[in-house]
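Asker: Could you put together the complete structure from these sequences and hints?
For the protein sequence lines, the chains are A and B, in the order given.
Sequential numbering from 1 applies to the first sequence in my numbering.
Sequential numbering from 1 applies to the second sequence in my numbering.
Not one of these hints is a red herring.
To give a feel for the contact side, a few chain A residues facing chain B, derived at Cβ under 7 Å: (1) 53; (2) 79; (3) 81; (4) 86; (5) 108; (6) 109; (7) 110; (8) 112; (9) 123; (10) 124; (11) 141.
So, partial list: chain B residues that the calculated Cβ filter (under 8 Å) puts toward chain A: (12) 169; (13) 195; (14) 293.
Computed list of chain A residues with no C-beta within reach of chain B, every gap over 12 Å: (15) 45; (16) 63; (17) 68; (18) 69; (19) 71; (20) 97; (21) 146; (22) 150; (23) 151; (24) 152.
Keep in mind the hints are simulated off the structure, nothing from the lab.
Yeah, the Cβ is synthetic: ideal placement off N, Cα and C, and Gly gets one too.
Residue strings, one per chain:
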Amino acid sequence: MAKKETPTGAQESKKAGDQITLSRRKLINILLGSGIATTFGAVLFPIINFLIPPRIREAVQSSVVAGKVGELQPNSGKIFKFGRKPGILVMNQQGEYRAFSAVCTHLECTVQYRSDFKHIWCACHNGHFDLAGKNISGPPPRPLEAFKVDIKGEDIIVSKNL
Amino acid sequence: MPENQKQSIHTKQDASAQAGASQKGVMGWVEDRFNLGGMKSFITHKQVPLHRHSLWYYLGGMTLFFFVVQVTTGILLLFYYRPSAESAFESVQFIMTEVRFGWLIRSIHSWSANLMVAGAFLHLFSVFFMKAYRKPREMTWVSGVIMLFLAMGFGFSGYLLPWNELAFFATKVGTEIVAVVPLVGKALMEFLRGGEDVTGATLTRFFAIHVAILPAIFVSLLGFHLMVVQVQGMSVPPGVEKKEKSLRYMPFFPNFLLRDLLGWIIALGCLVAIAALFPWELGVKADPFASAPAGIKPEWYFVFMFQTLKYIPARLWIVDGEIVGVLGFGLIAAAVIFVPFIHKKTDHPKTNRIFNLIGVIAIIYIIVISAISYMSVE
Ligand code: HEM
Ligand code: FES
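Answerer: Right, here's the structure in full:
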């Protein structure tokens with residue numbers, strides 16, 4: 001019984017219902033396909049979003065105490081924390097303070113003061129900056145970001161130039 | 001009809017049961033239940049051709065050995081390693097000073113990582129010169145090249161895990177280079193770092209990539225790679241194919257595999273000796289608020305790219321020199337993956353010579369540039 005029915009059914013659909021069965025199959029494929037795709041997307045969406053690092057809200061810090069008066073000798077420098085980034089405070093030979101972002105403009109290494117060069121130096125790829133923060137040699141493409149220095153009592157206050 | 005079928009199944013089962021019954025012991029027990037014949041012929045059908053370049057056939061297996069060492073020692077390290085900026089350095093210190101054989105396991109993991117990358121490089125070049133990527137083995141090459149890139153990813157992500165000063169700044173520089181890529185670079189860099197800067201968030205990210213994501217991808221590719229090698233067998237270099245009329249062969253199983261095994265035992269001995277004589281250093285803990293020390297260098301297999309970037313002028317015409325460099329290396333990487341589809345006329349001696357020349361130039365370039373970088377003390 002089963003033997004008989006299948007071939008006739010198939011033939012019938014070939015003769016008359018060719019278009020109908022084809023589009024029905026197509027419809028089912030589209031429904032199935034889009035169902036799977038949507039499920040896949042619905043799974044992927046939270047995964048991708050999970051992997052994107054969340055923004056950390058930080059209080060915008062515009063000034064910070066970088067050190068105490070008397071801490072630095074002429075022709076020396078120190079690294080201080082400015083929010084989440086390092087800054088560099090320098091006392092030049094005349095005893096004047098200068099402050100910059102310590103993030104090298106080349107590839108973000110932290111720069112240092114070299115008293116033998118009497119200017120700022122980045123060890124990563126031998127980048128040199130003068131005491132105005134200007135890139136004078138090596139790969140760094142831009143000057144260091146300069147900060148304002150004020151002295152209030154004992155504190156050396158460094159602030160962003162707004 | 002159904003009745004007939006049932007019967008034929010019965011007779012078949014009886015037959016195999018009877019055949020199995022003649023075998024005794026564990027193998028017989030297994031053979032009774034699972035048809036091992038297919039697997040046996042899968043393992044034994046491969047023949048390794050013997051000719052003057054046969055030695056190079058061992059390099060893939062050697063790389064595989066170092067990977068197995070990495071998985072083993074890596075899993076051991078996981079028992080004590082703690083992935084956070086506050087405790088990573090201390091936990092590695094603990095592994096090296098308190099845990100029994102901790103210094104050895106860590107040293108082996110570090111040394112074998114380098115040997116694995118070196119093995120993969122050599123394997124790639126040997127396959128390149130033997131033209132083993134020609135039809136039908138294109139996808140074997142593609143999967144192999146991707147595995148080499150993944151091995152470099154393993155090295156890059158693992159390097160940061162001890163959270164020492166050198167690794168901290170090397171990672172800073174390495175991820176900053178990604179930001180050079182136009183349009184998506186910055187987003188990609190933040191994705192890698194888990195934020196704008198290299199922080200503890202970067203460490204946990206690299207940890208997940210190092211111990212879960214890369215191993216999962218690597219092992220799937222490795223499975224594919226080994227399977228196609230087993231199915232298609234070893235290729236014979238075109239030069240050998242032409243010259244020698246009748247090649248001699250050695251069965252892969254067990255003859256060649258036993259030679260592999262001998263190589264692995266020797267490699268294990270050398271590895272342990274190196275790891276014990278030159279224990280991997282830990283350095284000082286990373287301090288995001290300290291100046292970068294001199295001598296920041298990426299791992300040796302990145303040095304030639306890094307040094308090349310230094311030679312490209314800061315501005316080339318109207319574009320940033322670094323962009324040209326990074327995109328250039330991206331293009332080269334893509335070209336290496338697609339070698340079998342670029343070099344199709346492998347029966348032309350002339351094109352073969354051109355590709356050999358490219359390979360030789362690449363090797364010389366990598367060696368010379370790296371040597372210059374290591375000799376220039378800044
Ligand atoms: C499943 C496989 C692996 C696991 C579970 C694993 C796990 C680890 C762990 C926990 C560490 C941190 C401990 C330490 O720094 O000493 C580490 C470090 C490292 N891993 Fe892996 N690893 C695996 C595979 C690999 C592979 C395949 C490579 C390279 C091709 C590699 C290269 C490195 C490197 C270079 C380090 C830094 C070593 C150091 O300086 O201490 N690892 N790995
Ligand atoms: S990061 Fe400072 S010179 Fe390259």
